[in-house]
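Novice: Below are the chains, spelled out letter by letter.
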Amino acid sequence: MILTEKSIAEIKEKAVHYPVKKSAILPALTVAYRQVGHVDEVIYKEISKIIDVPTLEIAEAATFYTMFPKKPRGKYLLQVCNNISCALRGSDSMIAHLENKLDIKLGETTEDNMFTLIGVECLGSCSTAPMIQVNLDYHENLDKKKVDSLIDELKAKKD
Amino acid sequence: MHYSPVITNAEIAAKDKDLHLFQYVEDPKQCEVETFVSRGGYKAWKAVLDGISKEDVIETVKKSGLRGRGGAGFPTGLKWSFVPKDSPKARYLVCNADESEPGTCKDRVIMERDPHAIIEGMAIASYAIDCHLMFIYIRGEFTHCIEKMETAMKEAYEKGHLGKNIYGSGYDLEMIVHTGGGAYICGEETALLNSIEGERGQSRMRPPFPAIEGLYACPTIVNNVESLAAVPHIINRGAEWYASIGTEKSKGSKLFSLSGHVNRPGNYEVPLGFNLKDMIYDPAYGGGMLDGKKLKGVIPGGASTPFLLPDMIDVALDYEALQEKDSMLGSGAIIVFNEDTCIVWVIKKLIHFFRHESCGKCTPCREGTGWLEQMINRIEAGQGQPGDLEKIEEVCGNILGRTICPLGDAAVMPIQSALRLYRDEWQYHIDHKECMVKSNFELK
Amino acid sequence: MSEAVKKDQPNVAVPTVTFTIDGQPVTVPKGTTVLQAAKDIGIHIPTFCWHPQLKSVGACRMCYVEVEKMPKLMVSCMLDAMDGMVVLTDSDQVRQGRRAVIEFILINHPLDCPTCDKGGECDLQNLTFAHGFDDSRYDFKKYRFKDEGMTSTYDDKKIGPEIMLNRNRCILCYKCVRSNKEAFGEYDLGAFERGNITQIDCVPGGEVNNPFSGNLVEICPVGALTNSDWRYKIRVWLTKTTPSVCNFTSSGTNIDFYKEDHQNKIFRVTSRTNDSIDNGWIPDITRYGYQIINSPDRLTTPLIKKDGKQAKASWDEAIAHIAKKYTEIKSSVGGVCIGGLISPSLDNKSLYSFSKMIRTVCKSNNIDFRGDYRMLPNNPSSPFGVLRSQPFSIAAIDDADVIVSFGSDLIHEHPNEYLRIRKAYNYTNPKIYSIMPYEVKSADVANIEYVYNPGTDECAINAICLAAIEENLVDANLAKEYLQKVVPSTLKDAVTLCGLEENNLKVLARSLAEGKNITFLVGEIVTRSKARDNIAAALLNMNKLFGISSKGQISILARYANSKGAEKLGLLPEPIAQIKDVLKKNFDHYPESEPRNTDDMMAHIRKEEIKGLFVVGSNPMMMYPDKEFIKESIEKLDFLVASDLFETETTEAADVVLPLAGWAEYDGDYINLEGVCQSAKQAVKPNGQSKPAYEIIRLIAEKLESKNFDSEMLDKEIVACLAVDTTIAFPIDFIDVKPETEEISDANTLPVFIIDDAHHSGHLTEKAPSLNNFAAEAYVMMSEELADKNDMKNGDSIRVESDMSKLILPVKISETLESEVLLVPRNFQSSPVTSLFMRKKRVDRVKISKVDK
Ligand SMILES: Cc1cc2nc3c(=O)[nH]c(=O)nc-3n(C[C@H](O)[C@H](O)[C@H](O)COP(=O)(O)O)c2cc1C
Ligand code: SF4
Ligand code: FES
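Chains as they are written, first to last, in my numbering: chain Y, 1 to 159; chain C, 160 to 603; chain G, 604 to 1456.
Pulled out of the complex, with its shape left as it was, chain Y reads as follows (with noise of 0.2 Å):
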């Protein structure tokens, strides 16, 4: 089993609120999602047992939403709205800024293991662009200084 004991615990808890099955399908892939960074066959087959819920509709709902990984990534993911409110305030620079710094294209990852760098669509951070999504925090406001230091910290950081 990949997923964790704490990882099952919770998706059973959540799983038991629903009134139908197959909604824990989400719920579940969120959990998963959290825990190892992205989702795959194993993990519908890990979850369809949990939830007693076909693998198939499980990797149906699963490859449906653009949330979830369907790759081992870095371990810092960087998601980058390039919608609409972000690009007007520069997120197509950013993207090409952060390109040059971690020297990937977008879509790939550091030879390091260290960073994935995705664009993204509107993240609902339009009145606070251009932004950037790292793993699950929301990183507002920013500008080529704090997108240095964010990149700086991230890498200093020891888990």
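FYI, nobody ran anything at the bench for these hints, they're computed from the structure.
A virtual CB, placed ideally from N, CA and C, is assigned to each residue, including glycine.
Treat the hints with caution; some may be incorrect.
The calculated lysine-lysine pairs, modelled on PhoX-like cross-linking and capped at a C-alpha distance of 25 Å, are [stated by the list, open to error]:
(1) G:K760 x Y:K49
(2) G:K658 x Y:K22
(3) Y:K49 x G:K1415
(4) Y:K45 x G:K761
(5) G:K1026 x G:K658
(6) Y:K45 x G:K1392
(7) C:K550 x G:K744
(8) C:K507 x G:K744
(9) Y:K49 x Y:K21
(10) G:K745 x Y:K22
(11) G:K1319 x G:K1306
(12) G:K1450 x G:K1234
(13) C:K318 x C:K222
(14) Y:K105 x C:K597
(15) C:K205 x C:K222
(16) C:K603 x Y:K101
(17) G:K1109 x G:K1083
(18) C:K205 x C:K244
(19) C:K507 x G:K745
(20) Y:K71 x G:K760
(21) C:K313 x Y:K6
(22) Y:K101 x Y:K75
(23) G:K1026 x G:K642
(24) G:K868 x G:K928
From chain C, some residues computed to sit far from chain G (all C-beta separations above 10 Å) [as the list claims (entries may be wrong)]:
(25) E193
(26) E309
(27) W400
(28) C518
Given the coordinates of chain Y, assemble chains C and G with the ligands onto it according to the supplied hints.
Specialist: For chains C and G with the ligands alone, kept in the frame of chain Y given last:
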């Protein structure tokens, strides 16, 4: 966890007797149930359970003139009254906190800073439709909101505002915080219901409408966060008070998310009918154009609403006035862009979004958005061909009104409007194989 | 919708609506869609995503119509007809809308129809010609799905034993995924990703191998799903169709053969929708089973054994030899020393001729068609016979408010009826219960699944009755009478024996007592049990107590394509009384001899009282659950004639082997489990020198100087038999029912049951390559827990040992099983699992052990 640094007009709201949604949003303590209750929170919920009939609650909300703040502006009380009285099935209330329309970030502020207001509104709405299990569907990326709502829910259970036999009234009400997985379409109410059911978040054909056959095939009401947050105030202060705010047909106050090239992007609560120009230029609100550049256009109601040209912005922010300008109030997301902005580039960003978010169920939206994106990208890249604009218009025409849910319409309306209002710029792109302005917004 | 309305209020007039379509007035029941209403009056509206057996989703947008006063085009598949509507199906706006949809679909659809296998029967191709543009306005590269799994340059990908998927051709009508889940309850095919990169695919890490998978290919409107059976072998327009019925199941689902005359070959089978039987779905056995006809392994000439070896012979020689031997036996020891065993999958005329020959030429009653069952009752009006003779209607399942399946692994035994129950589950929502000695997948639609201890079948039934009595749900006087007849007579004692749960039984008892329209079907567990009469008696008591038959139906379902026909045509050793009367009239002389069923015949062969046996289409050596018993008997025979399509263990032992024609090779009539007589037409000429059974029988009979086998005469006599109602009246009184238990040996404790593999039926399907792609060898199926307990994994070879024999079989872990039982499929010649079984056992038991590699 991070507290959103978004600017609000809470100070104004605290002083204005008509504004109510943002009164306390600058006080971090407002999230705590004690503070919330000390400021009159859960008073309306108690009053309702103490002896206001379901019919009276619905009647009051009807009279207040409250209209849905999720985008469509449907009268809230009327929607509630569609739930069949004699159905033996369970009923459900779902608060729509998916907030994914580009430009929109208002519900988030309430969730982060006044979560109990939403729970109270949801509870009253649940009671009105005789629902005993209510859901709030929060977009999955909003980790912070999710935590805030979950904590508030726990507190509400602990203090007896939710659960069994609430306030000794005999009424039971449970709540589930359900979170999304990254899909704009799940804000559309029928897709949202599929998403809660564990299905792929594809939209369903209507009829049957959710009020008749929604979640788990039971009568269901879906309301936006902001709509529900207004409800306790309506119960507390009366329908007349609420109806006195705003304009003749657009009543109450509304949150607007202001973004783009203004000096003070932020979230502002104003009475409906507030002037858009003031919203952009008033120092208490937008504070004017960023770097003093010239205004080129405004998207007044979120990414799916038609544009306004600079000479159209002296307009009231309400459902009717914007419709007169061939646009819409939508979700109240005002996106402002300046003279350095290429309109084709704007549309490229938007169509990419709608193509990416199409659920893939119905043909015109699934295939049409992909085709449009390719044609628009080509024009933006300076490879547009004669006839492209006409073709885009035809394809738009084949999507508009031909799809299961309004996402198809949402995708084409800004394109049609941009082609109508900024035709020269499109033509220039095709004729000169390049852009007049070349958007290039540097990160500060 | 309209059906449900009708059902709830049988006596109330269904409300209707009246409106016009293209100027024609139409009146339809309220709740009818515009699309359906148009169909009813012959107006065709094109569709992609709509299917008559699936809930509409309105996805493809092809079925647009214009409705007066409605500003937008409406999709007619989801638009309920309303009074006064004015609908146009062919206006300019509608045509424009359809054209736009086709244009959208085509932007990412390859335009390589000449290389697509669906060419000629593709809905997209046809509708493009009818409604589309002449040329494409899309000038970008088409999106192309590609991945490692693709095996050809056409981007085809194998997603199951038979199914190939081409995602680029898929138009996302979702019919495959919807039918798989909705109609079949299967979760091995799905839709993944979203938007314009949405794709159909099999479950990650799995394959599409469910027993109904062929239907997905059939309903795919384009060349996205194809099967290896048909793809790229022939163009559809070069084939002709012949109507037929399924020969592998007992419902007689309606099918079409696709054949090509020059090659005298069948290319495929598709459904030929008959809503009263199959709703247009056919299981894979039905779809691919025809391949046995084309098999290169077919017996093509008669064989005669000389000096212990079978050698080719002409029909004349073979018939002469048989006639000579039969005459010898008859004149030395008498005709009653000849017996006959025939397959219940043969047509009416073959069955009837066989009976007539055995009874009038050999003058014996040594005849049976039930070569796969042990210890059958000889008396047709035994409790088993009574329940077996009761009428059953498939379509009546639609109207039931309570459906009980007892002792049937439905998907394997009666796939078509399972789909019917699923349909009820989806649309009318009856209460459904499954009662079995082990868990079955078909219980997925059941409100409650009851699993009783193996060998306590009658006790489980009694427990239901006792629960009803305890809850005062049945007439008190009846209850009193009933209690005198049953042991044990308290619910508590009954549940201790059968292991069911009291409260659950009470729920079922209530449904049976309160149900207004009950379907109660009984399956192979009962038919195969040595205690079948005792179980049937318990069921008859239950029927009397609850009055099931007076408010619905209760019957033991027939299992083979023409079992019902065999019963109606007098093939039982002792025919049903009404039939015996007709036979007495049909025949000059009805034999006096003792009726002998399969068991009795074998026993008398061992006693050397029967010397000659004629076996047609039957393979008792492989199928009878006590292989040793049959083998020893057959070896004792003086003279064995066996006729079949293939060499079998039985034909191998024969003195004369006669090549039998398959059902697709001649015209024949078959009576399905409902008693409905249906025709299967000849699609191709008989392979080699093979002949239909009735032809073979006529040749033998004529050689033995009987003139009574001409076609017209037989037809007339058959008609006379079929005209008779063979239902046997229920007994007036309750019947004594006591538990029939047997000792369990210490060594072998694990109960084992014979099943049919989900893709096989009987002994012939092993010759259909497509079916072997799903399963080609026997296995031993067990629950995950049992496997874990014995440290066994999927695919491990293990030893299965009974008192009779031992076999080495691979383990197959079942997703459904939980009980400690084993299931073994009897369909594979290489591992004759029937050798594990003993004729006199009620529940066979074995032990399992690991085999060292
Ligand atoms: C594509 C699409 C996205 C939507 N997204 C949202 C959303 O994020 N939040 C929301 O409240 N309503 C959204 N809506 C509107 C909902 O369908 C629904 O009308 C609304 O939640 C009803 O609540 P209200 O009556 O309070 O406005 C969306 C609609 C469409 C068509
Ligand atoms: S594979 Fe065929 S049946 Fe399935 S969705 Fe695609 S086009 Fe429809
Ligand atoms: S057939 Fe009606 S939308 Fe597909």
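Novice: Hey, does C:W400 actually stay past 10 Å from chain G on C-beta?
Specialist: holds (38 Å)
Novice: Take the C-alpha atoms of C:K205 and C:K222, compute the straight-line distance between them, and say whether it is at most 25 Å.
Specialist: Holds, at about 21 Å.
Novice: Given the hinted pair G:K745 and Y:K22, is their alpha-carbon gap at most 25 Å?
Specialist: violated (36 Å)
Novice: Assess, step by step, whether the Cα of Y:K49 is no farther than 25 Å from the Cα of Y:K21, and give holds or violated.
Specialist: holds (12 Å)
Novice: Please work out if G:K868 and G:K928 have their alpha carbons no farther apart than 25 Å.
Specialist: violated (37 Å)
Novice: Are G:K1026 and G:K642 close enough, with their CA atoms no more than 25 Å apart?
Specialist: The given pair, whose Cα atoms are some 22 Å apart, holds under the 25 Å limit.
Novice: Within a Cα-Cα threshold of 25 Å, do Y:K101 and Y:K75 meet the stated pairing?
Specialist: holds (17 Å)
Novice: Below or equal to 25 Å on CA atoms is what counts here, so check C:K205 against C:K244.
Specialist: holds (23 Å)
Novice: Run the distance test for G:K1026 versus G:K658: straight-line Cα separation, threshold 25 Å.
Specialist: holds (11 Å)
Novice: Check the non-interface label on C:E309: least C-beta distance to chain G beyond 10 Å or not.
Specialist: The claim stands: C:E309 keeps its Cβ more than 10 Å from every Cβ of chain G (closest is about 27 Å).
Novice: Against the 25 Å threshold, does the CA-CA distance of G:K1109 and G:K1083 hold or violate the hint?
Specialist: holds (18 Å)
Novice: Would you mind confirming whether the straight-line C-alpha gap from C:K313 to Y:K6 stays at or under 25 Å?
Specialist: holds (20 Å)
In terms of the numbered hints stated before, the structure departs from hints 1, 10, 13, 24 and 28, listed from lowest to highest.
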